[in-house]
Amino acid sequence: MKPKKPGWPIPVHDNTLYSKLMIDRLEYAWSDEEDSVNWEGQYWYGGDYNRLYIEGEGEDVVSGGEGGEIETLDILYSRMIAPFWDVQMGGGYQREYGPGPDKERGFAVLGIQGLAPYWFEIDANLRLSDDGDASADLEAEYDWMLTQRTILQGRFETAYAGNDVPEFGIGKGFTNAKFGLRLRYEFRREFAPYIGVSWNKYLGDTADLREAEGEDTDHTAVLAGVRMWF
Amino acid sequence: MNKQSDPKYPASFTRRRFLQGTAAMAALAGLGRLAPAYAWQQTGNLVAEKTVSGNTDIFDLTIGHTPMDIGGRSANPITINGSIPGPLIRMQEGREVMLRVTNNLSESTSIHWHGILLPENMDGVPGVSFPGIEPGETFIYRYPVKQSGTYWYHSHSGLQEQLGHYGPLIVDPAQPEPFEYDRDYVVMLSDWTYDDPYHVLANLKKAEGYYNYQKRTTGDFFKDVSTMGWGPAMDKWQMWGQMRMSSRDILDVTGSVYTYLINGLPSGSNWTGLFRRGEKIRLRFINGSAMSFFDVRIPGLKMTVVAADGQNVEPVPIDEFRIGVAETYDVIVEPDGDRAYTVFAESMDRSGYVSATLAPREGMTAPVPDPRPQPVERGMKSMGMDHGSMGHGDMNMDMSSQNTMDQDSMQMDMSADNNSMSGGMDHSKMNMSAEQGSGMQHDMNNMGSGSDWVLKDRKISHGPDNHGAGAAMVSPNPMNRMDDPGIGLENVGHKVLVYNDLRGLHPWPDQREPQREIELHLTGNMERYMWSFDGEKFSEVDGPIRFHHGERLRLILVNDTMMDHPIHLHGMWMELENKHGKYRPRKHTLSVKPGEMLSAQITADAPGDWAFHCHLLYHMKAGMFRVVSVA
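For the protein sequence lines, the chains are V and W, in the order given. Under the working numbering, residues 274 to 503 are what the first sequence spells out, in order. Under the working numbering, residues 19 to 649 are what the second sequence spells out, in order.
Since the hints were derived computationally from the structure, they do not count as laboratory data. Worth double-checking, as some hints may not be accurate.
Per the computed footprint, the stretches of chain V lying under chain W, defined by three or more beta-carbons under 8 Å from a beta-carbon of chain W, are [to be verified]: (1) 275–285; (2) 351–365; (3) 382–392; (4) 407–419.
Here are the simulated BS3-like cross-link-like pairs (lysine-lysine), alpha carbons at most 25 Å apart as the crow flies [unchecked claim]: (5) Lys320/W / Lys298/W; (6) Lys445/V / Lys376/V; (7) Lys600/W / Lys293/V; (8) Lys477/W / Lys600/W; (9) Lys223/W / Lys293/V; (10) Lys474/V / Lys376/V; (11) Lys164/W / Lys600/W; (12) Lys293/V / Lys233/W; (13) Lys474/V / Lys445/V.
A few chain V residues that face chain W, going by a derived Cβ cut-off under 8 Å, partial list only [claimed, not checked]: (14) Asn288; (15) Tyr291; (16) Arg462; (17) Arg483; (18) Glu484.
Owing to the predicted nature of the structure, the values given are computational and were not obtained by experimental measurement. For each residue, glycine too, the CB sits at the ideal point set by N, CA and C.
The shape of chain W in the complex, shown without the other chains:
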């Protein structure tokens, strides 16, 4: 369909299309300058203008509301220099940057430089790093650039991020890249709602599952009966019923209210990255969503992942990857035909998608794949109950026989049971563990992961009250899921990136063994939309999590909820302890699956106070937030 003739699109659309093309080409050429900022009231790839003063690169950013058209409807997003996403900020490793941020909103704002190592007072978190930027005020961020790679920036004030206050950030390395490419595009994914974000949050607070239109129905139960038989279907119903949880809570906010965007443009606008036949293209995927995990593939093209969260990794060829909120992946593709390819990003719950195009010429499109069927459903793995040898989170497998159930249940740690109202784990069958005795004391954590997992012998600890009323469940036996592509991707029949595929290109300088461990549980209560660490919202804790300056520590995250959580630490790297020993991939955001336990090593080398939180915006707002204090 030729959108330019569509009456829903304003006359400016043609100009916009033209600008996108130019902007994209400028981006690929690595140009820092395009046109005066006043010329833009649009979405797409813009490059922030840079002025140079000695060793300092200076950028001017203005935050305001700009009325514009998004997907054929008028909207009033928060924009940076007039666009969403904000302009691409291109920094150079080894130089210094000065970013002058002017707030033209009627409320306080901020910019946080996501993934960038910098002094505490430049981190941009109101109330932790600085007071925020008041209306009419200009705040000057200034810091040395000590790293390279693909990053992004966004507001840390209120729910502004949901309104478009985010943009891409690239740091060009001082040394040549360890891989080659001819073109370079940012592919920034995000979710847009025409609704007021505070209203979205209120809906979640008032009505559990407000945006979930793929709940289990009576029909789904009878479907289970026909595929599994009455007994297992009843067992399955009973198990979820005991816990009072929905196996279909995949994302809290769904395509029922979201329009998904690539570089600020919905599918119909067809953002296009141009290439010449035989060229290598570097695509820098950034998930700048408030709430949406995406599964990304380019049918017909193999992608080679070369960097994760800005840090180079051993190249790994894949067909698809899941990108958690706030994560970034750099991939290289080599389109060899004179044809278009569709970049296809489905939301993890399959409630929507956004597509864009790689093509030799503007205006081309390739077939958009059929979205995979709804619904995806959580299995026992999500409760940390899966039988490791089963290998899959697929409910049909887990529940396929009574025998399987019994095996699973024997492996239950009954710690969840001491509060019959809260545990929800008092499934009658699970009581078998007591009867079967300690002979069944198994090494659950070891299963499915190999013996190289650093946490394999770890005993997890819940509080005496299972984290209290704010935690609707605990994972009795959380496990290693780093070989697990995640819900809905278990059996897709092609290679999906998993965390165990990520191998750092170099061992990082600090290889000291951790001197100290900090275990944190990710907790929540969907019924009230409460999210927390260890059952306590931010407002319920007295002080920060303390890191000792200079120490090497191991952070252990245990996900006691049914949701995936992208956990982000400011100011320092988290070195994910996967199967690659000292070649740990460095990440700023770790997506932790339901029922998963993982660990990361941290060198506490950044004095000051740092935010540490779930990057699902409404989870953070509901209390899944801490301050980490390094002193």
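Excised from the complex, chain V in its bound form:
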């Protein structure tokens, strides 16, 4: 599209680029074994159709143990292919640190993100690691509006591993299921503190592997945190 005459502007600029940093979860989690700080967020920059996404999730143990994990840190090109759906592709990174030597791996990522019928926010990815390990993950969120500002969010996460990756404590098959409930209050759309609970259960071979290492296979935590965006 070019101006009608030299020196004339374009009458309507509908291609403005925007960016949004959404910190979905920044929370302190209390549980029987350990306390941790958990985080999850995403940043996007772009237009209506094409965007660059940086997404990440992790935890850092602050008492009752040590170490932590950057579970995922993905850089993705995102393209809207249908009114509620983006296809995303790019690279991912995972890192476990302390106790013991750090472990890390990289991925090629292919995913979809969007709003499923009945207003479920979906983020699903296929991953192929640099060692050739294949996996898939799915995250779904649902917001119950209790009032215009009080919102109960349900979250569900699961993952499937194509093969054993004992180094990261992963067995073939469904690895875990994680449920969360978070009650937030939106003082502003951009700022909403919350309280909540989460429950994680390791499944199948992954559960066996973790049990063998003396870990619990389920894990309940009480949470307090804040959701913000800019």
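Chain V is fixed; fit chain W onto it per the hints.
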């Protein structure tokens, strides 16, 4: 409450009140001159000073920022000759005007003369008609005045309109008016935000429903259960859930951030139009909002609509009217008591209102009606799915029985379904149409409208991909809604103006049958705040919509979205094809309801390039804009 003693209001308030009164009286007397422009730093009714040179009336307008108080808070609006709205420009049909517009802003600006027929290069749309007016520059608009009525003017640059860059425009007719009145007031409605309009737009882009504080809650679901029963309540939830849409998206930007204004003044300032008992008052309502549809009534007074969009219509007595953004309605009222009346304008979503007063003396007020309850909720009609015989868009009725659902679903055209991700219409029940067979092939369009509707047999066409990713829904069976007062007004129990009430006073000179049809779909994707025609934003289309010079054509607008859109064509009239045959009302802006299809005849007699767009400012900015090229 006596606002003059309110410490929130500065000392200038008393003076301002005085000036308003004087300005109002000057306006009613039709005086073109009040006081030197330097005396004003205020809001309210000002009349632009006019100098006369032969057959030309000359106006000088200066656009700048003027710090002032709006509703008790300091603001820095864009003003024209120091006021918002800008001064009333009063033209005379048959003369020529010269408008010298000086830009004192630090950015480019423009004035578009909304609804005025004029040469292409005087239309004032940067990038379409001219390059815009650069800072420090004076641009001279000059054109013959070939029409009369109530109009307005506003910036067509960026989002300046949201900052106060608009004003009223009246053209006095060459011939006497076909109706009588003793007094004449402009009532210009608008929406004001203290926030930066670009920030407002960014919020809409980043967070769907950012300004909507009347979304459905879990409590609303259980309310439905108690009134409708579990089955229908679940059906309703399921239907909207399938589409991933909110039945409560009525206005994108709401009273949560807007202060609504009448003639630049919020309710508390009590703009007052004076009258003497027994007089007929002409009120020229202009919706100069960026984003707000208003429902207007004057409790205790019948209003008689005598003109729409500046053009005289057969007088129609009403109790209330909805005014789309950029529309104008002239009404005549006859207050007979020695009492005050409240002019009450509620935003369509009921998130706010603004009131003013008609009174025999300054300082009087009348009770302000209780705003009607939130929320208003969209029904199946908004998806072009309503069962015509139901007659109402009321969800409770539409969904009241399983049986109704089934009937509705049998009438679904399944064209929406070929993209399971995008259509959102793949409601299991809707698949019944396939099973029930073509025996149910019904004449949906015909229902509720009578057989005089020109589009009754029309098959609508969507693209093979349902307009693509930029369109979150398509209306499978859009219908005639010209007898429909619109959402929230269906059952108010008094007469609300509908488009079918508008009957032109005369048949217009060009009565040729349209030689060509152009069908355009109004499309959008709320999730990303994308707005478009036929699924394509302005930046995505190659060229203009082409009209052949001199041709007579039929423009068909199909609203595939959940929102009402006021669609405005520059440079030419749109003759709305309602039930009045050749007495079509001429309009510059057509408000198209969700799920509605309507048509207008156009004589393409204005060579050049013209803007054509949704007049919701942020919809236009997001891409719901086209250039129409007449050659």
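Evaluated hints:
1. Coverage of the region 275–285 of chain V by chain W holds in this model, with 9 residues showing a Cβ closer than 8 Å to a Cβ of that chain against a need of three.
2. Counting residues of the region 351–365 of chain V whose CB falls under 8 Å from any CB of chain W gives 6; the rule of at least 3 is met.
3. Restraint check on the region 382–392 of chain V versus chain W: 5 residues with Cβ-Cβ distances below 8 Å, three needed, restraint holds.
4. Counting residues of the region 407–419 of chain V whose CB lies closer than 8 Å to any CB of chain W gives 3, which reaches the minimum of 3, so the coverage claim holds.
5. The straight-line distance between the Cα atoms of Lys320/W and Lys298/W is roughly 12 Å, inside the 25 Å bound, and the hint therefore holds.
6. Using a Cα cut-off of 25 Å, the hinted pair Lys445/V and Lys376/V holds, with the two alpha carbons roughly 19 Å apart.
7. Taking the CA atoms of Lys600/W and Lys293/V, the gap is near 53 Å; set against the 25 Å cutoff, the hint is violated.
8. Under the criterion of a C-alpha separation no larger than 25 Å, the hint pairing Lys477/W with Lys600/W is consistent with the structure, at around 23 Å.
9. Among the hinted pairs, Lys223/W with Lys293/V is consistent with the structure: their alpha-carbon atoms are about 10 Å apart, no more than 25 Å.
10. Annotation: proposed proximity of Lys474/V to Lys376/V holds, straight-line Cα distance about 23 Å (limit 25 Å).
11. About 22 Å separates the Cα atoms of Lys164/W and Lys600/W, which keeps this hinted pair within 25 Å; it holds.
12. With a CA separation close to 23 Å, the supplied pair Lys293/V and Lys233/W stays within the 25 Å bound.
13. Among the hinted pairs, Lys474/V with Lys445/V is consistent with the structure: their alpha-carbon atoms are about 15 Å apart, no more than 25 Å.
14. Contact between Asn288/V and chain W, as hinted, is supported at the beta carbon level, the nearest pair being about 5 Å apart and thus within 8 Å.
15. Residue-level restraint check for Tyr291/V holds (minimum Cβ-Cβ distance to chain W is 5 Å; threshold 8 Å).
16. Against a cut-off of 8 Å between C-beta atoms, the interface hint on Arg462/V holds, since the closest Cβ of chain W lies about 6 Å away.
17. Look at Arg483/V: its Cβ only gets to about 37 Å from chain W, farther than 8 Å, so that hint breaks.
18. Contact between Glu484/V and chain W, as hinted, is not supported at the beta carbon level, the nearest pair being about 39 Å apart and thus beyond 8 Å.
Hints 7, 17, 18 from the list above are not met by this structure, while the remaining hints are.
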